[in-house]
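What follows is the residue order along each chain.
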Amino acid sequence: MRLEYPSSVKVIFVPCTGKVDVIHLLTAIQKGADGVYCVGCLEGTCHYNEGNLRCRERVDYVRSLLQEIGLEADRVRMYNLSSGEGPTFAAYAKEMNENILKLGPNPLKKKTAGR
Amino acid sequence: MIVAKRKPFDEIMQLLKGHRKILVVGCGTCVAVCLAGGEKEVAVLTAELEMARRLAENPVELGSATLERQCDREYLAQLDGKVDAYDALISMACGVGIQFLAERFPHKPVYPAVDTAGLAVNQDVGWYEERCRSCGRCVLGLTGGICPVTMCAKGLYNGPCGGTNKGSCEINADQPCAWNAIYERLKAQGRLDCILDLQPPHDWKDMTPRSLIQPGYKKPEKAKA
Amino acid sequence: MKSGSNLEKILKSGQFAFTGELGPPRGAHAEEVRKKAVHLKGRVDAVNITDNQTAMVRMASWAASLILIQEGIEPNYQMVCRDRNRLAMQADILGAFALGIRNMLCLTGDHCQFGDHPTAKGVFDIDSMQLIFMVKKLRDEGKFLSGADVDGRPQIFIGAAANPFADPFEWRVHRLAKKIQAGVDFIQTQCIYNMAKFREWIRQANDMGLTEKVYILAGVTPMKSLGMAKYMKSKVPGMDVPDEIISRLQGVPRDKQAEEGIRIALEQIAEFKEMKGVHGVHLMAIEWEHRVPEIAERAGMLPRPHA
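Chains as they are written, first to last, in this note's numbering: chain A, 49 to 163; chain B, 215 to 439; chain C, 152 to 458.
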């Protein structure tokens with residue numbers, strides 16, 4: 049399968065989405081990413097039992113933090129699919145890309161950092 | 215351990231609004247275990263503050279440090295000299311740590327980033343339940359190891375009150391009635407006689423600031439001449 | 152005689168006591184108290200004046216009690232532990248006695264969370280048992296809780312509540328015993344609907360000899376409607392409303408439900424009059440004071456004895 053997905057998406061591999069921490073997602077936005085999303089296994093099929101459930105909680109938390117800061121919550125999302133679903137992976141990448149295009153660039157990039 | 219909860223971000227922003235160089239100080243003991251003010255939480259708050267102030271075009275210079283304990287001079291000393299570069303400190307320690315930090319650097323404004331929520335047990339990662347109000351006169355020996363001061367919403371010494379509701383407290387069906395639990399535990403242990411007699415009015419020990427010197431730890435050489 | 156109150160005299164003489172209840176207004180008008188009181192005068196031996204009932208701010212219990220005294224009605228001054236510490240309580244007790252109050256009901260009080268100031272600090276410096284103990288110490292030893300001498304002893308007839316229905320049921324009678332140990336003179340129970348459970352509780356109290364040591368007034372609140380019965384059953388903590396009460400009210404047309412509620416209450420009162428260990432009835436006709444004369448009449452409680 050040679051599936052195409054938007055070139056704006058950079059994949060970072062983690063052993064399990066349960067490894068993804070709040071600070072990872074937040075730092076990505078802080079450093080100028082327009083959006084971040086986590087793609088975990090389908091709920092109920094995590095090899096580490098609940099890793100993807102933990103990730104969803106953290107994604108939700110980061111979404112609330114972004115709102116507090118004054119950024120759009122939807123710059124961070126969680127998706128689930130099974131490892132065999134290449135086309136779904138590509139479809140989610142497209143969906144996230146469109147979502148970000150709609151939101152526009154990360155406004156932090158235009159501002160001067162304090163440090 | 216002592217548990218705390220991060221303050222709402224808006225409140226923190228409000229506290230810090232006049233400052234441009236801020237040191238975020240975490241604590242590596244209780245509040246780190248309860249995920250409120252350890253190294254990780256310091257990183258999150260620092261990132262949040264940086265982004266929010268950048269967005270508001272009021273950028274801020276931030277530093278961070280997480281001490282082993284803020285309730286101990288030995289560790290606070292690590293900040294000596296370091297704080298001069300900042301106009302304010304925000305502490306993620308419990309109320310005790312925040313005060314000791316403020317006492318160490320009396321010329322710097324020190325702000326709390328957390329609300330201290332009590333002495334609690336670790337029910338699960340991220341889930342804590344209060345168990346002790348440090349009343350200063352423990353009655354757990356009489357009450358089957360269940361604290362009526364903390365776990366009874368009215369802090370009764372001669373419970374349960376008439377509001378006990380099928381094992382729950384009158385305030386909330388999800389809150390177990392402490393006195394019902396005390397009764398059940400003592401009954402199972404055959405020790406109901408512990409609560410048969412009237413407990414006289416309590417001599418409150420927490421009505422003044424308390425200090426404590428353990429036996430054998432007086433330092434006569436430090437007494438003022 | 153501990154206090155010489157009308158209620159004490161009636162109970163001591165072995166007559167079946169009958170007490171009522173009045174909730175002070177959420178306002179500053181003495182007239183509101185008088186309007187309710189007029190229905191109770193001569194129909195009951197004493198009237199309980201609630202103290203910030205359900206944690207809602209109301210006219211002070213001692214103040215409404217004094218208005219009743221002006222009206223020639225004996226108050227039963229309720230005091231909860233939620234709103235004042237031992238200093239304020241002892242001060243209020245001395246003041247209440249000085250102005251003619253002779254009966255007191257010592258209560259823990261509902262949690263602030265139920266009321267109109269849910270974030271208020273609940274005091275609970277002492278609990279209801281310890282309050283009983285404190286009043287007794289003032290009265291019988293002439294000493295403050297601290298041990299210092301009081302100039303003059305407040306002669307108060309000491310009451311308390313009992314809830315025979317709250318869990319754990321087996322502990323209820325021991326709790327009564329504890330209140331007796333603390334020094335209570337009379338008990339008014341929670342509203343009774345589950346008669347079977349109440350009979351069992353009073354049997355236990357009789358067996359332990361408790362009903363020889365304390366006067367027990369059975370709590371009665373007539374159901375005004377099916378809605379009220381359902382609310383009491385599901386929403387009020389510590390209340391035990393059996394299904395048979397619900398079905399009796401369901402079995403009559405809506406406009407007859409109040410009458411059915413009164414009938415149930417009258418049947419209960421008739422049984423209490425005969426029940427060993429029960430020394431009277433405490434009628435809590437919540438916001439229904441105007442029906443008290445009729446209920447008292449039909450229950451055969453009138454005329455009230457002159458003690």
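If you are wondering where the hints come from, they were derived from the structure by calculation, not from laboratory data.
In this text, a Cβ means the ideal position worked out from N, Cα and C, and glycines have one as well.
One thing to keep in mind: the hints can contain errors.
[Stated by the list, open to error] Calculated pairs, DSS-like style, for lysine-lysine (alpha carbon to alpha carbon, straight line, at most 27 Å):
| # | chain 1 | residue 1 | chain 2 | residue 2 |
| --- | --- | --- | --- | --- |
| 1 | A | 79 | B | 231 |
| 2 | A | 157 | B | 219 |
| 3 | A | 79 | B | 401 |
| 4 | B | 380 | A | 158 |
| 5 | C | 272 | B | 401 |
| 6 | B | 254 | C | 384 |
| 7 | B | 235 | A | 157 |
| 8 | B | 221 | C | 288 |
| 9 | B | 231 | A | 159 |
| 10 | C | 160 | B | 436 |
| 11 | B | 219 | A | 159 |
| 12 | C | 375 | B | 419 |
| 13 | A | 67 | A | 158 |
| 14 | B | 380 | C | 288 |
| 15 | B | 419 | A | 159 |
| 16 | B | 419 | C | 272 |
| 17 | A | 58 | B | 401 |
| 18 | B | 231 | A | 157 |
| 19 | B | 380 | C | 375 |
| 20 | B | 254 | A | 79 |
| 21 | C | 329 | B | 436 |
| 22 | C | 329 | B | 419 |
| 23 | A | 67 | B | 219 |
[To be verified] What the simulated footprint calls covered on chain A by chain B, stretch by stretch (three residues with Cβ under 8 Å from a Cβ of chain B suffice, anywhere in the stretch; the number is not a length):
| # | stretch |
| --- | --- |
| 24 | 88 to 100 |
| 25 | 129 to 143 |
Index of numbered hints that the structure contradicts, given in increasing order: 2, 3, 4, 5, 6, 8, 10, 11, 12, 13, 14, 15, 17, 21, 24, 25
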